[in-house]
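With these hints in hand, go ahead and build the complete structure from the sequences.
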Amino acid sequence: MSVEDSVISLRNIAHTYSLGGADLPILRDVSLNIDRGESCAIVGASGSGKSTLLNILGLLDRQTSGSYLLNGQNTADLNDDQRAAFRNNYIGFVFQAFHLLPRLNTVDNVALPLLYRGLKRNEARQEAKEQLEKVGLADRLQHYPADLSGGQRQRVAIARALVGKPSLVLADEPTGNLDSDTAQSILSLLLKLNSDDHVTLILVTHDDSLARQLGRYIKVASGALIEDTSEQTDERRYLR
Amino acid sequence: MRISHNGPSFWQTVDESFASLRLVGRRSILALLGISVGCASVVALLNIGHNATSEAIKAFKGLGTNTVIVSLSTQPNVRRLAPVTIDAPALKVAVQQIRYIAPIIIYPNKVRHSGRGADVIVVGSTPDLSSVLGLTISQGRNLSEYDAHSTFALAGVGIAKELGLRIGSRLQIEGYLFEIVGIIDHHLANPMFPIAPDSAILVPMKSMRRLMPSPEISSLVTQVTDSDHVQQAAESLKIYLASTIPTRTIDVQIPEQLLEGLKKQTNAFSYLLAGLGGISLLVGGVGIMNIMLTNVAERRREIGIRAALGARQRDIRDLFLVEATVLSTAGAIVGALAGLVVSYAFVKISGWTFSLSLPSVPLAILSSFCIGVLFGLYPALSAARLPLVRALRDD
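These protein sequences, in sequence, are chains A and B. Here this note's numbering is used: position 18 in the first sequence is 18, and no number is missing along the way. One rule links them: number in this note's numbering = place in the second sequence (from 1) + 1000.
Note that these hints are calculated values from the structure, not bench results. Model, not experiment: these values are computed from the prediction. Any given hint could turn out to be false.
[Unchecked claim] Below, a list of computed lysine to aspartate or glutamate pairs in the DMTMM-like style, where the Cα atoms sit at most 25 Å apart:
no. : chain 1 : residue 1 : chain 2 : residue 2
1   : A       : 165       : B       : 1302
2   : A       : 165       : B       : 1315
3   : A       : 129       : B       : 1302
4   : B       : 1263      : B       : 1226
5   : A       : 120       : B       : 1216
So this is what it looks like as structure tokens:
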């Protein structure tokens, strides 16, 4: 596949933190292509730079150097508002701590990205309901996050990530706060959505057994990427 | 792929701000109270100032809006004297609007009665004076046309008490004894009038010749028939007098001019009060800023989440700005009502009649609104500029 078909195309990405005058390299010379519909696990020890990589991919942080093409668009050319629009339209986030807004109920939490897109509240709620049905929470529409279990909250978060029909879902340790059974069901849900909706999935995790279930397995160590292609086949990459 | 990204509508933002203010609850009530007190004091002080002004003007008007005061002042290099008398009937014919006119000759002097002496203003005038000034006689009788050459006198209630004057008392002025025929009742001093009746001795104008070698009219007080034509009457009076008394400079004063001065003075007073209210409004603004800064600090993660979901900086800014504005506007409305109640109570207790200062309410609400926006802007901007990665990490 060519670069044009890639959802993500990183070229020589470096990221450095300035801490008390000293430059602290977090990522050095990272290059990576991820195609539409792929699922990709990113593993690595704490402080390896995988969160920074995810922040750059999610347009939450800017790389110090190198180029990042998202859906063929060079992100260096985007201003803050355009980056917000890209996040809203192309990227869905799933966080370890769920990050739902506590005072909004399930439907309104899921509808929130659509409100920032300029949709009317009723339309947004309607789409949110449909998305919640997809993740199996049709009977929890009016609940508040505090009334939901960890697994249910993460399903709400997944519904919120997908409600805007993004081309890319970034999941940052989505199972980190869950027990292993729930973790497995959450991952299965993500993988199902990945294969059903053809959404590109990038998942950061500590759990090797979960990571191995994804199409690609990329390890971050000392700011560099090492891809393990030993078990990789084209069929596995796209999980059709 | 088409990108649509217009942000939430204004009403969605307002709706959100209500929800989050409800959540903050008691603390937003306190911030609201601060702005309410500020707005209430602006409304109350403006209204009290307004009512005090109208009350003062009313009191002034009660003392004669149809009065014209003429003062004759010497011109440089003119040695000739002013006339001793004035042809009142001729004047009334010339200036139709004039009902009463009384010339005044003022002679400050030492008077004596039964061994006591006092410095008083001896006023020579005609019986019309009582009508123009609205003097009433509490004892005895008034002076009349027939007393013109007599040595009769009226005493103000104040000087009568001081010297122990009664009807029939003989008061020594210069070398003459004047008989007191009447006591003038207490009369409120009016800053417009050249004399204060309470402490004056009134004598017939023609008998002033006995006291002074060359008496001169220093001023004239007139009353016109219709208060709507004061200005006009004053003009024609001035022209007439200027032609008949060429040796003096004629100045006419009407209550309107004095009222103008009074209004200016009380307006300055009102502004001072409003300024005080403004200061408390400013303090209320600081309260708004305080709660909004706390709010932003406590909701860093929410800001991060919203940004990750596609909120632009301006969406985040608007979220907090609208919240501050809703808070200050609600406070302003509560405060404006409280201010009206307070000023109404104050006016009633003072025994005045309440009249609403129309611009006070919109002015106070508008300035509270501006204060809210002004003091909400910094917290809102600091929320919008929060670094995303750090905001999302915040636990």
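Going through the hints against the structure:
1. For the hint pairing residue 165 (chain A) with residue 1302 (chain B), the CA-to-CA distance comes to about 22 Å; that is within 25 Å, so the pair holds.
2. Between residue 165 (chain A) and residue 1315 (chain B) the alpha-carbon distance is near 21 Å, which keeps this suggested pair within the 25 Å criterion.
3. Taking the CA atoms of residue 129 (chain A) and residue 1302 (chain B), the gap is about 22 Å. The hint holds against a cut of 25 Å.
4. Taken as a hint, the residue 1263 (chain B) and residue 1226 (chain B) pair is honoured in the structure, with Cα atoms around 23 Å apart against an allowance of 25 Å.
5. Under the criterion of a C-alpha separation no larger than 25 Å, the hint pairing residue 120 (chain A) with residue 1216 (chain B) is inconsistent with the structure, at around 89 Å.
Checked against the numbered hints above, the structure breaks only hint 5 and satisfies the rest.
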